[in-house]
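What follows is each chain in one-letter form.
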Amino acid sequence: MMLAFAEIKRARGRFLSIIGALALITFLVLTLSALSDGLFYGSTGAYRSSNADGYAYSTDAEGSLIRSRVPVADAQKYGQIPGVTKASGLGVLLTSGTGPNGELDLAVFGVEPGGAGIPTTLTQGRLPNPGEDSAAAVDKTVVDKGATIGSTIKVGDRSVTVVGVTQDSNYQLQPTIWTTIPTWRAMQASVRPETRGLPPNYSAIALEFSNGTTAASIPPVTGTSVLSTDEAALAIPGVKEQRSTLNSIIYTTLLVAALVVALFFALIVLEKRELFAALKALGTSTRRLANTVMTQALVASIIGVIIGVIAARLLGLALPAQVPTLFRTESLIQISIFTIVASVIGALFSLRRIARIDPATALGGALQ
Amino acid sequence: MTTNTVAPADVQQTGKPILEVVDVTKTYGEGHTAVTAIAAASLSVAEGQFVSLLGPSGSGKTTLISMIGGLLTPTSGTIRLGDQVVSDMSKKELTNLRAERVGFVFQSSNLVPFLTARENLLYVASLPKKHSRKAAAKRADELLGELGLSDRANNVPEKLSGGERQRVAIGRALMNDPDLILVDEPTAALDTALGRQVVQLLAREVKQRGKTGIMVTHDLRMVEYTDQVFEILDGHLTKSDGTTLLDGH
Ligand SMILES: Nc1ncnc2c1ncn2[C@@H]1O[C@H](COP(=O)(O)OP(=O)(O)OP(=O)(O)O)[C@@H](O)[C@H]1O
Ligand SMILES: [Mg+2]
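So the sequence lines, in the order shown, correspond to chains A and B.
So the first sequence is numbered by our numbering: it starts at 1 and just counts up by one.
So the second sequence is numbered by our numbering: it starts at 1 and just counts up by one.
Don't take every hint at face value.
Pairs of lysine-lysine residues, derived as DSS-like cross-links and limited to a Cα-Cα distance of at most 25 Å, are as follows [to be verified]:
{"#": "1", "chain 1": "B", "residue 1": "K92", "chain 2": "B", "residue 2": "K129"}
{"#": "2", "chain 1": "B", "residue 1": "K239", "chain 2": "B", "residue 2": "K16"}
{"#": "3", "chain 1": "B", "residue 1": "K159", "chain 2": "A", "residue 2": "K272"}
{"#": "4", "chain 1": "A", "residue 1": "K9", "chain 2": "B", "residue 2": "K134"}
{"#": "5", "chain 1": "B", "residue 1": "K129", "chain 2": "B", "residue 2": "K91"}
{"#": "6", "chain 1": "B", "residue 1": "K159", "chain 2": "A", "residue 2": "K9"}
{"#": "7", "chain 1": "B", "residue 1": "K16", "chain 2": "B", "residue 2": "K138"}
{"#": "8", "chain 1": "B", "residue 1": "K130", "chain 2": "B", "residue 2": "K91"}
{"#": "9", "chain 1": "B", "residue 1": "K92", "chain 2": "B", "residue 2": "K130"}
{"#": "10", "chain 1": "A", "residue 1": "K272", "chain 2": "B", "residue 2": "K91"}
{"#": "11", "chain 1": "A", "residue 1": "K272", "chain 2": "B", "residue 2": "K134"}
{"#": "12", "chain 1": "A", "residue 1": "K140", "chain 2": "A", "residue 2": "K154"}
{"#": "13", "chain 1": "B", "residue 1": "K207", "chain 2": "B", "residue 2": "K138"}
Not the full set, but computed from the structure, chain A residues with beta-carbon under 8 Å of chain B [what the hints assert, rightly or not]:
{"#": "14", "residue": "M2"}
{"#": "15", "residue": "E274"}
{"#": "16", "residue": "A278"}
{"#": "17", "residue": "L282"}
{"#": "18", "residue": "G283"}
{"#": "19", "residue": "R356"}
{"#": "20", "residue": "P359"}
Computed from the model, here is a short list of chain B residues facing chain A with C-beta under 10 Å [claimed, not checked]:
{"#": "21", "residue": "T62"}
{"#": "22", "residue": "F104"}
{"#": "23", "residue": "L115"}
{"#": "24", "residue": "L127"}
{"#": "25", "residue": "V156"}
{"#": "26", "residue": "Q200"}
{"#": "27", "residue": "V216"}
Please keep in mind that the hints were generated in silico from the structure rather than gathered at the bench.
Nothing here was measured: the structure is a model prediction, and the numbers come from that model.
Here a beta-carbon is modelled for each residue, glycine too, at the ideal position from N, C-alpha and C.
When you get a sec, could you build the whole thing from the sequences and use the hints?
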């Protein structure tokens, strides 16, 4: 311990470089993960906050609510399948509307009050009542853009009054408003004139299952397919790809952390071969020298991670709201631990080198 | 001083032998490339003796004291330090032996660069299994005082002169009250006057503390500070009577 801390204290410069490198890596990984989480959570909120256990789409929609279109009659058909306790129509419209502070992008969700597919994350007010056609609950992000309970949001020629606020319920990074099926239809007809005159349909059907029933065990109605809510979240176009791309960058960066630390300590040990030989000659065990190096790796990575975490959080605060970042404590702890473990693994590689140092080389002449 | 009838002819007995080297051979490598660095060397050194070991480059001086200090294992033969047989010990036992019973002074002082003079002494005090921090601190201060380093105690080696560094190294070698002090060319990095001072100091410490010391040197002028002189030539060890030394140089 004496050696480990004295060196960090007195040879501060060199340790600052490794601490800096680890801080930078932690910062990078945290920011990437916040972006990954931000994209994922911002895209999938409508599913994750939903009370539904699964969704039925038209087969050609490939899991996209926007592309999906199912006949109204299919809701009844699903309702009759054993194991399905609720089957409710769901309408989705990606559009823009006007709020108290002007224009905003919106995802309009038409739901059946009391049915499946409604958000469970209400923090204020209520959802529209059955038959209450000009009311909507809105996601908190709409509130952040100036709406409050009682304010009016207009989509096309239809206006709704905000009656409640939900949380973490967005879809494809667009703020959601939750209204009734007829209101959704009216909005759709207003902003998408080409849908006028088509037979009434839903975008999808939200399903609730009895205990023990899974999405896979439901025989799908002809022309539709069923996904569980978790599968549905990953089926949103781009979500899986974004997540796996960002995750592989994160894992690569962690690998880089291990390499950086491995290289750093390999260098340190190389440079200190002579000193370590002398210390061994004086009666220092290999184990004690190994402990010294591992302690240093641990201390450097912990300090580096702390600085990286602080820097990432500061950046998070400074970023404009349009950048979809989400700093989750869980990810933060996970990444901190991973970085520290990667560093320790990197440092482990120098132990063999330490073990191989021959104390006999400490005496004059033998080194040549 | 009693006469010892069983002592080898070339060893002058002045007390009970603390170090005995019997028929020790060291061969590096195998087959055609084998080098016999030490051939059937025997010597015994009594407690309180300071001995010098002379010889040309490559003659085997370092090899011999490395074996004596438990840094190398002999190919054959026996080395005894007090009641312990050094030549039979495992690596781990040798590490403990070096920590507890042997003090080394290296050619270049090899102090820990990021520890102060005082901490360098305290570090070796922490190596033996049993150690007391309090006793170590006291002893470190005493030694530093004796070596004239009291006001340099809190400097790192970089801030010390070459002579001061070697004095710290001597303090470090004495720190754990070893039975044996081994010194390999302590003056190589110093000028003559400083080298002389360092060797003088070493001789004084070894004498005062009743330690046994072996010093490897190239420098004939250092021999006057030691009680006995051994010479190695091509791995063959002989006790010198003082005449051959002058012939060789
Ligand atoms: N690790 C080794 N492997 C092979 N041969 C070695 C090794 N160490 C020393 N030797 C050889 O053993 C012989 C004695 O070497 P040693 O280092 O003991 O000599 P020395 O008397 O200390 O020399 P110097 O005065 O130059 O320090 C030399 O021929 C040397 O080349
Ligand atoms: Mg030598």
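These are the hints, each one checked on the structure:
{"no.": "1", "hint": "B:K92 / B:K129", "result": "holds, 12 Å"}
{"no.": "2", "hint": "B:K239 / B:K16", "result": "holds, 18 Å"}
{"no.": "3", "hint": "B:K159 / A:K272", "result": "holds, 19 Å"}
{"no.": "4", "hint": "A:K9 / B:K134", "result": "holds, 23 Å"}
{"no.": "5", "hint": "B:K129 / B:K91", "result": "holds, 16 Å"}
{"no.": "6", "hint": "B:K159 / A:K9", "result": "holds, 17 Å"}
{"no.": "7", "hint": "B:K16 / B:K138", "result": "violated, 31 Å"}
{"no.": "8", "hint": "B:K130 / B:K91", "result": "holds, 19 Å"}
{"no.": "9", "hint": "B:K92 / B:K130", "result": "holds, 16 Å"}
{"no.": "10", "hint": "A:K272 / B:K91", "result": "holds, 21 Å"}
{"no.": "11", "hint": "A:K272 / B:K134", "result": "violated, 30 Å"}
{"no.": "12", "hint": "A:K140 / A:K154", "result": "holds, 17 Å"}
{"no.": "13", "hint": "B:K207 / B:K138", "result": "holds, 21 Å"}
{"no.": "14", "hint": "M2", "result": "holds, 6 Å"}
{"no.": "15", "hint": "E274", "result": "holds, 7 Å"}
{"no.": "16", "hint": "A278", "result": "holds, 4 Å"}
{"no.": "17", "hint": "L282", "result": "holds, 6 Å"}
{"no.": "18", "hint": "G283", "result": "holds, 3 Å"}
{"no.": "19", "hint": "R356", "result": "violated, 13 Å"}
{"no.": "20", "hint": "P359", "result": "holds, 5 Å"}
{"no.": "21", "hint": "T62", "result": "holds, 4 Å"}
{"no.": "22", "hint": "F104", "result": "holds, 6 Å"}
{"no.": "23", "hint": "L115", "result": "holds, 5 Å"}
{"no.": "24", "hint": "L127", "result": "holds, 5 Å"}
{"no.": "25", "hint": "V156", "result": "holds, 7 Å"}
{"no.": "26", "hint": "Q200", "result": "violated, 20 Å"}
{"no.": "27", "hint": "V216", "result": "holds, 7 Å"}
Checked against the numbered hints above, the structure breaks hints 7, 11, 19, 26 and satisfies the rest.
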